[in-house]
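Asker: The primary structure of each chain is shown beneath.
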Amino acid sequence: MTRDGIAGLICLALSIAMLVLIRGLPQSSFVPIGPDFYPRIVLIIMAVLSVMLIASDLWRQRKHATAAAAGAEPAPEKRNYRLVGITFVVFAGYVALLPLVGYRVATFLFMAALQAMMEPPRNARRWAVVLISALATTAISYVVFDNLLSVLLPRGSWTGW
Amino acid sequence: MRIFTAALAGIALCAVANVQAAYPDRPIKVIVPWSAGGDTDNIFRPFGPALQKALGGATVVIANIGGASGTVGAREAKSSPPDGYTLFAVHDYIHSTYYIGISDVNYTDFEPVCLIASTPSIMTASPKTKWNTMQEMVADAKAHPGTISVGATLGSTSHFFPALVEKAAGIKFKYISYDGLAQRMNAILGGHIDLTDGNLTQKGKVDAGQLKFLAIATEKRSPELPNVPTLKELGIDVLYSVSRGLLAPKGTPEPILAKLESACGQAAKDATFADSMRKQGTDVRYLDRKAYAEFLKQNDTLNKDLSRELGLLKR
Amino acid sequence: MFDLLLAGVENILHLKYLVPLFLGTFVGLIGGALPGVTITMTIIIVLPFTFGMDPLQGLATMTGVYVGGSAGGAITAALIGIPGSPSAITTTFDGFPMTQKGQPGRAIWLGIWSSCFGGLLAGVFLIGATGPLAAIALEFGPWEYFALFVFALSMVAGLTEGSLVKGLLSGAIGLAITIVGFDPIMSVPRLTLGTEFLRGGFPFLPVLIGIFAFAQLMTDIEKMNESEQLSAPIKAPPLVVSHLKVLWEIISRPFLFVWSTLVGILIGVLPAIGGSAATVMAYDQAKKFSKHPERFGKGNPEGIIASEASCNANVGGSLVTIMAFGIPGDAVTAVMLGAMTIHGIQSGPLFVSQHPTIAYGIYAAYLLAHPLMVLICAFGARLFLRVVTVPKSMLIPNVLVLCVIGAFALNNIMEDVVVLLLFGLVGYALVKARFPLAPLILGLILGDQIEVNLLRAIMSDPNPWLFFTRPISGSLLALSVASVIFALWQHHRHKGRAENVEQEPDF
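Chains as they are written, first to last, in the working numbering: chain L, 1 to 161; chain R, 1001 to 1315; chain B, 2001 to 2507.
The following block holds chain L by itself, in its conformation from the complex:
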């Protein structure tokens, strides 16, 4: 089973789970059909399409297996999945910190951390560049949005700042 098949299975599982959860919603006297009517149609369509995806994946695999077992997939280019993982983790940390320490502190930390992770500074000068650019982004975006444009940015519940 390839990526398609796995994706199909996940979608099928999700649509079935949602179909189970959608049952038994209260009806209203004003609407002839309940709040579960439309979701049910959408979820059934989604489930059917998932099954079709799984089936076509299995069918294609069998065809490939009989036709040419030799044609191995070309070796995938080396991908930096580690960095993707790190970015998600750092970003999640940013989202978690925002309501606690506020926009200014959290953004500075996030900018510095992510830049340092993406391109580890090798000397003091690089560190300075990272910190200064983090500070600049934080300061400029805050002044522009919060002060000049009155777009209020999150304040920290720990710092009140």
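A portion of the hints provided could be inaccurate.
As the list claims (entries may be wrong) - Under the rule of at most 16 Å between Cα atoms (straight-line distance), these lysine to aspartate or glutamate pairs were calculated in the EDC-like manner: (1) K1174/R / E2222/B; (2) K1279/R / D2461/B; (3) K2016/B / D2054/B; (4) K1220/R / E1233/R; (5) K1297/R / D1109/R; (6) K78/L / E2139/B; (7) K1259/R / E1224/R; (8) K1128/R / D2448/B; (9) K1174/R / D1140/R; (10) K1078/R / E2196/B; (11) K1232/R / E1166/R; (12) K1232/R / E1219/R; (13) K1279/R / E1233/R; (14) K1269/R / D1288/R; (15) K78/L / E2196/B; (16) K1220/R / D1207/R; (17) K1250/R / D1140/R; (18) K1314/R / D1300/R.
Hints are computed from structural coordinates only; laboratory data are not their basis. None of the values given here were measured: they were computed from a predicted structure.
On the provided structure of chain L, position chains R and B as indicated by the hints.
Answerer: For chains R and B alone, coordinates are given in the frame of chain L:
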């Protein structure tokens, strides 16, 4: 980097210490629980600068927190810190959404600040209907109960107004869900609904023959609409208007509330604000904290009774 | 009418109005170009500045923001492959590959000139044809809207690369996302798992920013090889381009250009659809009419022309609808309408005859904003290009911060930022599973509207056959079926011609 963090933390502590010094020393956020461009937004956006002037220049920011019939914004306002830096722009929906079980937030979760404006409701008919007066509509409704369609946000003010008329005139409508005045206007112009709860902002369309105002739910006829009868003079005893005011989260300190109340009173007299309200067909109606609290209480009982009569009461 | 327009133009050319218009267009271009800052947000940000102005000054500013914002999205879309605003999604499909081929100048100027001409053509067309078009839009009841949205969604079939099933499934996922949260009529919580967090559902913009920004950025990050010298400045690609050549590329495709503009106008005039649907539809049409549909997605100039011409034509369409009817098409036009109401303008059919100075002033501002936009781009193009030459390790964190501001500031709640993160993960997973993202976005945009109109139709009349027997609704539904069948056929033909060369997207 540690030094930077320490320095920032230090600055943050200074900021905390300063909060108590003088109110207001940073921007005040007014939560409008609907998206920008709606009726409530249009009333509070010009009110913001007026309030700002009255508060001595502290920035007043309108923050639109839309979604789920206005209940997302209500929840956000309720959970905001009661420090006077977050206010809540509210109208009568706060009572109805509570009683019909959409929202857990009640008006008692807030401190009243002031009432600023009220917009009278007008029974508005599609140009494609055959009636020219309220009486013809009522007669038609009595002859064919449940066939006249009304566009409304179910469970909100645009539903309760026609429901009051139903009760007072002894007729029965069919309701079709249209959220927001703009969507209802689209449907009524095209004749996809027969009636809706309108207001004076639609006067231009009436003059163009695209809409019909049947009756207005005020005590006396509006000077802007001398030819539109009141429901009361037609023997349908319904007074209805959508009233918009400001609330603050429960527990906001007394001195801050007092300061906001007086600023609010001053802002309500602001000429620019009054002018923009006149253009929107809304009456500036200022009530101070005490009067507004009384108003909210009465309104709450009214909405609870209505919800019960409509069979929607959930608590 | 013509002398009224001329008087309007003369009026706007006064410094008193020209300066706000210029500033509005400039701010709109920047706001539209910044990923995560949408036109809606830019308009909301600019709105308070207009309170102190006289009505025409304020509305000229807002018109500038709207026009500039719609064109600005193309710059980011073409240069870094992230739509600066939702309606620029389709510009990424061909603009970004063109940049990657080393022709960034051609990519953005094709976009800018197409926006300019598409917008101008729409303006000229609409000043004359407001009345009849408005009459058509009004005839649409819930049945017709339901059918129209289903038709738009059926177009996903034409948008999909590779597997049709995957394209449709992607659209279904988009629809499924919209059923979470309160039901649209009686606000019954659905699929909330008992949490407060999910009660309001997933707001459209954070989902969109999350899916698109992360799908793009994470794919970029994957390719950052640790051994490589990352901060080595990317060679500044030359933005110089022969404008005559670019203009010729547009003019030599009159049918494509006019058709895309018409699609943009039509979607703009029809209320409640909005800009993103217009560009998606125009792109899809361009691809269907093309003799070489397989070239789309690889830097085809036709893809850029179709999406950008329709994008700005859509602005013209919605502008007239909100002026004549007071009916907003989407969040952006809702705010524009709010701006008019704040300035005391009663939108309605009497507006143009009662306030000709303001009405024609707005028309004139709209027409003038286009050449202004081109002028600003001509001087600012190098500045915009800086965006691509900034090292990725610096650019990506900055874009992520802007995404957070964009997601937060629209509703001012942290929940939306969490949604952003959640759908960032979903978007990346979908890309890794090689799902096309455009159908999902269309499903997301149309999901609520499809449900609401279905329910309204049934509340108005419980007879389900009305969907097929009402002429407009019936023919739109027939067209939807035809659209899927046509896609199947085209897909089949394509497969037959190029046996097993189904190209995989570069993920």
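Asker: So, against the hints stated earlier in the document, which numbers end up violated here?
Answerer: Violated hints (numbers, rising): 1, 2, 6, 7, 8, 13, 15, 16 and 17; every other hint is consistent with the structure.
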